[in-house]
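> So you can see what is in the structure, the chains are spelled out below.
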Amino acid sequence: MMRTEPINRLSEKGLRVWRIYGVLQAFIVLLISIGAGVINYFTGNYMWIYIVAAGVFVLIAFLLIYLFPKVRWTRWRYEVREQEIELQHGLFVVKRTLVPMVRVQHVDTEQGPILRKYDLASITISTAATSHTIPALITAEADELRGRISVLARVAEDDV
Amino acid sequence: MSNEKYKLHPITAIINFVKVLKELILPFIVIIVANGFGKSGGDGSWYSYISYAIYAVVLISLLISGIIKWKRFRYWFEGEELRIEYGLFVKKKRYIPFERIQSLNYTEGIFHRPFGLVKVKVETAGGGPTKEADAELTAITKNAAEQIKKEMMHAKNKQSVHVDEVILEVEEQKDETLSIFRMSMKDLLILASTSGGVGVFFSGIAVFASQFSEFIPYEAIYSELVIFIRFGVLMIALAIFALLLVAWLVSVVLTLINYYAFTIIIEDEEIIMTRGLLEKKKITLPLSRVQGIRIVENPLRQLFGYATVIVDSAGGSLAEKDESIRLLPLIKKSKINPILEQIFTELPLEPNFTRVPKRSRKFFYRLDFIWIIPVAAAVCYFFYPYGLFALLLFPLTFLLGVWQHKTAGYAIENQRLIAQYRTFSKVTVWVEKRRIQSMTKHTTYFQKKSDVSSIQLTIKSGVGGATTTVPSIEKEDADQILSWYEPLKKSTIEKEQPSF
Numbered sequence: 016m017m018r019t020e021p022i023n024r025l026s027e028k029g030l031r032v033w034r035i036y037g038v039l040q041a042f043i044v045l046l047i048s049i050g051a052g053v054i055n056y057f058t059g060n061y062m063w064i065y066i067v068a069a070g071v072f073v074l075i076a077f078l079l080i081y082l083f084p085k086v087r088w089t090r091w092r093y094e095v096r097e098q099e100i101e102l103q104h105g106l107f108v109v110k111r112t113l114v115p116m117v118r119v120q121h122v123d124t125e126q127g128p129i130l131r132k133y134d135l136a137s138i139t140i141s142t143a144a145t146s147h148t149i150p151a152l153i154t155a156e157a158d159e160l161r162g163r164i165s166v167l168a169r170v171a172e173d174d175v
Numbered sequence: 095m096s097n098e099k100y101k102l103h104p105i106t107a108i109i110n111f112v113k114v115l116k117e118l119i120l121p122f123i124v125i126i127v128a129n130g131f132g133k134s135g136g137d138g139s140w141y142s143y144i145s146y147a148i149y150a151v152v153l154i155s156l157l158i159s160g161i162i163k164w165k166r167f168r169y170w171f172e173g174e175e176l177r178i179e180y181g182l183f184v185k186k187k188r189y190i191p192f193e194r195i196q197s198l199n200y201t202e203g204i205f206h207r208p209f210g211l212v213k214v215k216v217e218t219a220g221g222g223p224t225k226e227a228d229a230e231l232t233a234i235t236k237n238a239a240e241q242i243k244k245e246m247m248h249a250k251n252k253q254s255v256h257v258d259e260v261i262l263e264v265e266e267q268k269d270e271t272l273s274i275f276r277m278s279m280k281d282l283l284i285l286a287s288t289s290g291g292v293g294v295f296f297s298g299i300a301v302f303a304s305q306f307s308e309f310i311p312y313e314a315i316y317s318e319l320v321i322f323i324r325f326g327v328l329m330i331a332l333a334i335f336a337l338l339l340v341a342w343l344v345s346v347v348l349t350l351i352n353y354y355a356f357t358i359i360i361e362d363e364e365i366i367m368t369r370g371l372l373e374k375k376k377i378t379l380p381l382s383r384v385q386g387i388r389i390v391e392n393p394l395r396q397l398f399g400y401a402t403v404i405v406d407s408a409g410g411s412l413a414e415k416d417e418s419i420r421l422l423p424l425i426k427k428s429k430i431n432p433i434l435e436q437i438f439t440e441l442p443l444e445p446n447f448t449r450v451p452k453r454s455r456k457f458f459y460r461l462d463f464i465w466i467i468p469v470a471a472a473v474c475y476f477f478y479p480y481g482l483f484a485l486l487l488f489p490l491t492f493l494l495g496v497w498q499h500k501t502a503g504y505a506i507e508n509q510r511l512i513a514q515y516r517t518f519s520k521v522t523v524w525v526e527k528r529r530i531q532s533m534t535k536h537t538t539y540f541q542k543k544s545d546v547s548s549i550q551l552t553i554k555s556g557v558g559g560a561t562t563t564v565p566s567i568e569k570e571d572a573d574q575i576l577s578w579y580e581p582l583k584k585s586t587i588e589k590e591q592p593s594f
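In the order they appear, the protein sequences are chains A and B.
Under my numbering, residue 175 is the last one in the first sequence; the count climbs by one each step, no gaps.
Under my numbering, residue 594 is the last one in the second sequence; the count climbs by one each step, no gaps.
Hints listed in this document are in silico derivations from the structure and should not be mistaken for laboratory results.
Mixed in with the good hints there might be a few duds.
[Unchecked claim] Residues of chain B clear of chain A, computed beta-carbon distances all greater than 10 Å:
#1 Val112
#2 Lys186
#3 Ala238
#4 Leu272
#5 Ser287
#6 Leu337
#7 Leu338
#8 Ile404
#9 Ala408
#10 Thr491
#11 Ile530
#12 Thr538
#13 Ile553
#14 Gly558
#15 Leu576
[Said to hold, decoys possible] If you anchor each label on the Cβ, the simulated ranges turn out as follows:
#16 A:Lys85 to B:Lys187: 55 to 65 Å
#17 B:Asn352 to A:Val166: 44 to 54 Å
#18 B:Lys542 to A:Arg31: 20 to 30 Å
#19 A:Tyr56 to B:Asp545: 45 to 55 Å
#20 A:Gln98 to B:Leu381: 53 to 63 Å
#21 B:Lys542 to A:Tyr81: 16 to 26 Å
#22 B:Ser287 to A:Val108: 47 to 57 Å
#23 B:Gly481 to A:Val108: 45 to 55 Å
#24 A:Thr89 to B:Tyr478: 46 to 56 Å
[As the list claims (entries may be wrong)] With a cut-off of at most 20 Å between alpha-carbon atoms, the simulated SDA-like pairs for lysine to any residue come out as follows:
#25 B:Lys542 to A:Glu20
#26 B:Lys569 to A:Met62
#27 A:Lys110 to B:Glu440
#28 B:Lys542 to A:Leu106
#29 B:Lys543 to A:Arg169
#30 A:Lys110 to B:Gln550
For every residue, glycine included, the Cβ atom is placed at its ideal position computed from N, Cα and C.
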């Protein structure tokens with residue numbers, strides 16, 4: 016039996032936010048490779064070290080800013096049904112998570128400074144032992160979803 | 095309901111005193127060693143006694159504070175609550191509704207036993223951020239402890255009358271006491287001697303091996319240095335061996351004392367475990383709080399056909415560190431099933447395991463090679479001739495992987511998922527569907543190409559969670575487990591949306 020993928024995707028703006036995070040991370044890598052270059056300048060001044068440092072930076076920047084956010088975003092799916100929440104995500108490892116409504120204890124939404132600028136919020140679903148985050152939804156959508164999950168969680172019953 | 099206020103037994107004062115003293119003993123020793131000895135030449139002048147006077151004052155004030163604490167402590171029953179009043183300088187009151195009490199745990203220490211007293215720990219659900227969410231009655235008579243239990247039952251029953259008429263049933267269950275298990279002296283000795291014995295074993299081998307290095311002709315190369323090194327190695331190995339031997343003996347004695355006369359009885363839908371020689375501990379675990387059951391067989395004990403049974407329970411306080419309770423610390427494998435059958439009547443004990451497909455065997459060792467390659471390479475390079483032994487890591491990891499692959503499997507029966515896996519120890523887990531908090535299917539890129547997936551499920555254990563993985567099973571099987579876990583669609587019964 017083949018399970019169908021969850022239907023909903025994250026907001027497209029989420030992809031942009033992840034690119035921004037990528038730029039910030041790449042900036043740290045840039046600083047490190049500049050540092051390596053400076054040390055090299057004063058010690059050995061080998062040409063190949065400059066090339067390697069630049070190469071590593073370009074590669075990491077490409078991965079962090081372009082490829083990883085893209086793959087993550089295309090992979091991220093979620094669906095909130097009457098009886099359960101299903102999530103699918105993961106860069107290297109595809110994770111498919113099922114959280115029954117009966118197990119949901121509380122739902123939170125959260126908004127950092129960058130997310131707020133793009134009118135996005137993340138939503139965290141907690142059970143008694145685990146918590147699961149949907150990272151980038153339009154704020155209004157996230158609020159609506161939070162309300163819906165909390166209502167569904169209250170009326171859900173064990174089927175065993 | 096009488097509102098008489100009860101006091102603890104006077105011995106509480108002594109216990110409080112000893113408890114504080116125990117915590118102070120280390121700083122005391124440090125101070126005495128730094129201060130008392132060495133410079134006290136015995137000149138007899140008055141100021142050499144000042145430090146002793148200070149000790150005496152500290153001790154007496156501790157004793158007095160212990161007495162005051164006992165004097166201030168009161169507990170009583172009122173309004174279906176257990177109410178406690180205590181505090182040395184600040185008077186504090188704590189009211190615990192009986193319905194919130196999860197369990198009462200009894201401990202009998204060496205001070206308790208001559209007087210027939212017990213320490214009662216009242217455990218509530220939730221744990222919460224405050225460590226002392228629970229109450230502790232340091233020393234009361236067994237009759238008083240019985241009374242608390244009776245009051246609690248009384249209050250709980252009263253409530254259930256309003257809900258439905260289960261009172262008769264509860265009354266009936268009360269008398270049902272079932273003795274389940276008593277650990278034999280032989281098993282206890284085996285448990286004590288095999289706990290933490292691995293270190294001794296290896297250091298013994300090291301001593302042995304250092305003798306054998308004579309046969310390796312490396313003297314010819316730098317003989318003097320080598321003799322020195324070899325001597326040093328022998329000394330260090332011997333020292334470590336001796337140290338571990340002592341540690342092992344201590345752990346044997348401690349285990350013997352802690353697990354002496356380990357018994358389990360079932361009473362009133364609760365598992366009651368008692369154990370201990372000097373301090374008799376009684377742990378009560380309501381069956382409804384059991385989240386999962388594990389049988390753990392470590393390879394050494396597996397060889398002799400022994401295993402450990404562990405239960406995960408929900409709730410409990412943060413202070414308690416072992417939320418997974420060793421239900422059967424050590425037992426012959428063949429005796430487990432009859433016992434589990436008695437406690438957990440619906441447990442499918444002989445499930446039909448679906449094993450892991452052959453093509454997923456590579457996932458059990460391939461990932462480990464990634465870290466072994468650099469480590470082995472470095473060891474080979476830096477410790478050249480002997481470092482080559484690091485290469486043995488490859489076949490060993492491979493064999494362990496094959497072993498893990500052979501052990502892994504799962505079964506679904508009776509609304510329960512049963513998983514079997516091995517890291518070193520072989521573990522068999524029973525989890526009821528309604529106890530699983532969430533379930534995740536993991537698929538790596540390579541697993542996807544081989545059409546396999548892993549399933550990960552989390553149950554509540556203590557205040558946190560415990561995760562079990564069913565590794566690299568057929569993708570279809572993984573999907574089936576997810577579908578099994580998925581709540582049934584109740585499309586026929588239209589639920590009323592409550593208006594909030």
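> Work down the list of hints and note, for each, if the structure agrees.
We went through each hint and held it up to the structure:
Every beta carbon of chain A lies more than 10 Å from that of Val112 (chain B), the smallest distance being close to 38 Å; the non-interface claim holds. With a cut of 10 Å on Cβ distances, Lys186 (chain B) stays outside the contact zone with chain A, its closest approach being about 30 Å. The beta carbon of Ala238 (chain B) sits about 34 Å from the closest Cβ of chain A, which is more than 10 Å, so the claim that it is off the interface holds. Every CB of chain A is more than 10 Å from the CB of Leu272 (chain B) (nearest about 26 Å), matching its label as outside the interface.
With a least CB separation of 36 Å from chain A, Ser287 (chain B) remains clear of the 10 Å interface cut-off, as annotated. With a minimum CB-CB distance of about 40 Å to chain A, Leu337 (chain B) clears the 10 Å threshold, and the non-interface call stands. Separation of Leu338 (chain B) from chain A is adequate, the least Cβ-Cβ distance of about 37 Å exceeding the 10 Å criterion. The beta carbon of Ile404 (chain B) is kept farther than 10 Å from every beta carbon of chain A, the shortest such distance being approximately 17 Å.
Listed as a non-interface residue, Ala408 (chain B) fails to keep its Cβ farther than 10 Å from every Cβ of chain A; the least gap is roughly 7 Å. Thr491 (chain B), annotated as away from the interface, keeps every beta carbon of chain A farther than 10 Å; the closest lies near 21 Å. The Cβ of Ile530 (chain B) does not lie farther than 10 Å from every Cβ of chain A; its closest approach is about 8 Å, which violates its non-interface assignment. Separation of Thr538 (chain B) from chain A is inadequate, the least Cβ-Cβ distance of about 5 Å not exceeding the 10 Å criterion.
At roughly 6 Å from the closest C-beta of chain A, the C-beta of Ile553 (chain B) falls inside 10 Å, breaking its exclusion from the interface. The beta carbon of Gly558 (chain B) sits about 6 Å from the closest Cβ of chain A, which is not more than 10 Å, so the claim that it is off the interface is violated. A beta-carbon of chain A comes within 10 Å of the beta-carbon of Leu576 (chain B); the shortest separation is about 6 Å. The beta-carbon spacing between Lys85 (chain A) and Lys187 (chain B), approximately 60 Å, falls within the hinted interval of 55 to 65 Å.
Remark: the range hint 44 to 54 Å for Asn352 (chain B) to Val166 (chain A) is upheld by a beta-carbon distance near 49 Å. Lys542 (chain B) and Arg31 (chain A) have their C-beta atoms about 28 Å apart, which keeps the hinted 20 to 30 Å range intact. Checking the proposed 45 to 55 Å range against Tyr56 (chain A) and Asp545 (chain B) shows it holds: the Cβ atoms sit about 52 Å from each other. Look at Gln98 (chain A) against Leu381 (chain B): about 27 Å separates their beta carbons, and that is not inside 53 to 63 Å.
As the Cβ distance of Lys542 (chain B) to Tyr81 (chain A) is approximately 23 Å, the hint placing it in 16 to 26 Å holds. A beta carbon spacing of about 42 Å between Ser287 (chain B) and Val108 (chain A) contradicts the range 47 to 57 Å that was offered as a hint. The hinted window of 45 to 55 Å between Gly481 (chain B) and Val108 (chain A) is violated, with their beta carbons roughly 34 Å apart. The hint said 46 to 56 Å for the Cβ distance between Thr89 (chain A) and Tyr478 (chain B), and at roughly 49 Å that hint holds.
Under the criterion of a C-alpha separation no larger than 20 Å, the hint pairing Lys542 (chain B) with Glu20 (chain A) is consistent with the structure, at around 15 Å. Straight-line distance between C-alpha atoms of Lys569 (chain B) and Met62 (chain A) comes to about 50 Å, which puts the hinted pair past the 20 Å bound. With a CA separation close to 32 Å, the supplied pair Lys110 (chain A) and Glu440 (chain B) exceeds the 20 Å bound. Note on Lys542 (chain B) and Leu106 (chain A): the hinted pairing holds, with a Cα-Cα distance of about 13 Å set against a maximum of 20 Å.
Between Lys543 (chain B) and Arg169 (chain A), the direct Cα distance comes to roughly 41 Å. Violation of the 20 Å bound is thereby established for this hinted pair. A distance of roughly 10 Å separates the Cα atoms of Lys110 (chain A) and Gln550 (chain B); the hinted pair therefore holds under the 20 Å criterion.
Checked against the numbered hints given earlier, the structure breaks hints 9, 11, 12, 13, 14, 15, 20, 22, 23, 26, 27, 29 and satisfies all the rest.
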